[in-house]
Amino acid sequence: GDTAAANALDDYEEGTWTPTLHDGFTSVSYSIQKGIYTKIGRFVACDFYILFSGTGLGSQITISGLQFVIASGNSYVQGGGVSTYQSVTSDTVQFYGQNNTTRFGGYVNGGGLYIKSGSTTAYIIGTFQYITA
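Numbering (the numbering used here), first residue to last: 2 to 134.
These are computed hints drawn from the structure, not numbers from a lab. Glycine is no exception: its CB is placed at the ideal position from the N, C-alpha and C atoms. Mixed in with the good hints, there may be bad ones.
[To be verified] Each computed SDA-like pair below joins lysine to any residue, with the alpha-carbon atoms no more than 20 angstroms apart:
#1 Lys-35 <-> Thr-17
#2 Lys-35 <-> Ala-46
#3 Lys-40 <-> Ser-65
#4 Lys-117 <-> Val-94
#5 Lys-35 <-> Ala-72
#6 Lys-117 <-> Glu-15
#7 Lys-40 <-> Glu-14
#8 Lys-40 <-> Tyr-50
#9 Lys-35 <-> Ala-123
#10 Lys-40 <-> Ala-72
#11 Lys-35 <-> Gln-68
#12 Lys-35 <-> Arg-104
#13 Lys-35 <-> Ser-65
#14 Lys-35 <-> Leu-52
[To be verified] Pair ranges (Cβ atoms, derived):
#15 Glu-14 <-> Gly-113: 32 to 38 angstroms
#16 Gly-112 <-> Ser-32: 27 to 33 angstroms
#17 Val-78 <-> Leu-114: 37 to 43 angstroms
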């Protein structure tokens with residue numbers, strides 16, 4: 002086959018998305034809610050910044066609003082990322098996509114759920130990349 006044609010850069014897009022706390026908080030109000038992405042073929046790389054106030058429910062924090070649906074299938078297509086700066090916890094936070102959705106969940110130190118209980122004003126800044134359907 003013609004691999005050069007198959008690998009041609011014919012699908013490139015840049016834009017914005019609105020990161021939203023999907024789970025983990027209630028009564029959320031945002032001061033900053035910004036996201037950018039670059040899509041090349043099925044690969045999507047995005048960055049985001051959320052500054053918010055809300056009440057933590059003690060359950061996993063998930064962020065939604067991705068511009069494209071995460072592919073379904075093996076775990077390697079669900080993507081991953083990291084918080085580059087955040088004030089919800091002092092732990093290291095990783096992100097893992099939820100396939101067939103436009104959201105990803107947070108984990109701390111490689112395994113525990115990213116959670117917060119009680120009222121807080123906090124920020125989450127991070128990066129996430131994934132394969133879209």
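Please work out if Lys-40 and Ser-65 have their alpha carbons no farther apart than 20 angstroms. Satisfied, since the Cα-Cα distance of roughly 17 angstroms is no more than 20 angstroms.
Are the Cα positions of Lys-40 and Ala-72 separated by 20 angstroms at most? Roughly 14 angstroms between the alpha carbons, so the hint for Lys-40 and Ala-72 holds.
Margin query: Just to be careful, I want the Cα atoms of Lys-35 and Ala-46 compared with a cutoff of 20 angstroms; is the pair within it?
Written below: holds, 14 angstroms
Check: Has the given pair, Lys-35 with Ala-123, been kept, meaning a C-alpha gap of at most 20 angstroms?
Finding: It holds: about 15 angstroms lies between the C-alpha atoms, which stays within 20 angstroms.
Given the hint that Lys-40 pairs with Glu-14, does the C-alpha gap stay at or below 20 angstroms? This hinted pair holds, its Cα atoms lying about 5 angstroms apart.
Checklist entry - Cβ-Cβ distance between Val-78 and Leu-114: within 37 to 43 angstroms? => result Cβ of Val-78 to Cβ of Leu-114: about 22 angstroms, so the range 37 to 43 angstroms is violated.
_20 angstroms limit on alpha-carbon distance, applied to hinted pair Lys-117 and Glu-15_ = The given pair, whose Cα atoms are some 33 angstroms apart, is violated under the 20 angstroms limit.
| said: For a C-alpha distance cap of 20 angstroms, please report whether Lys-35 and Gln-68 respect it. | reply: Roughly 12 angstroms between the alpha carbons, so the hint for Lys-35 and Gln-68 holds.
Hint check: Lys-35 vs Leu-52, CA-CA at most 20 angstroms. Holds or violated?
The given pair, whose Cα atoms are some 9 angstroms apart, holds under the 20 angstroms limit.
Discussion item. Lys-35 and Thr-17 were given as a pair; does the straight-line alpha-carbon distance stay at or below 20 angstroms?
Written reply: This hinted pair holds, its Cα atoms lying about 8 angstroms apart.
Lying within 27 to 33 angstroms: is that true of the beta-carbon distance Gly-112 to Ser-32?
-> holds, 31 angstroms
>> Run the distance test for Lys-35 versus Ala-72: straight-line Cα separation, threshold 20 angstroms.
In response: violated, 23 angstroms
This entry does not satisfy hints 5, 6, 17, going by the numbered hints stated previously.
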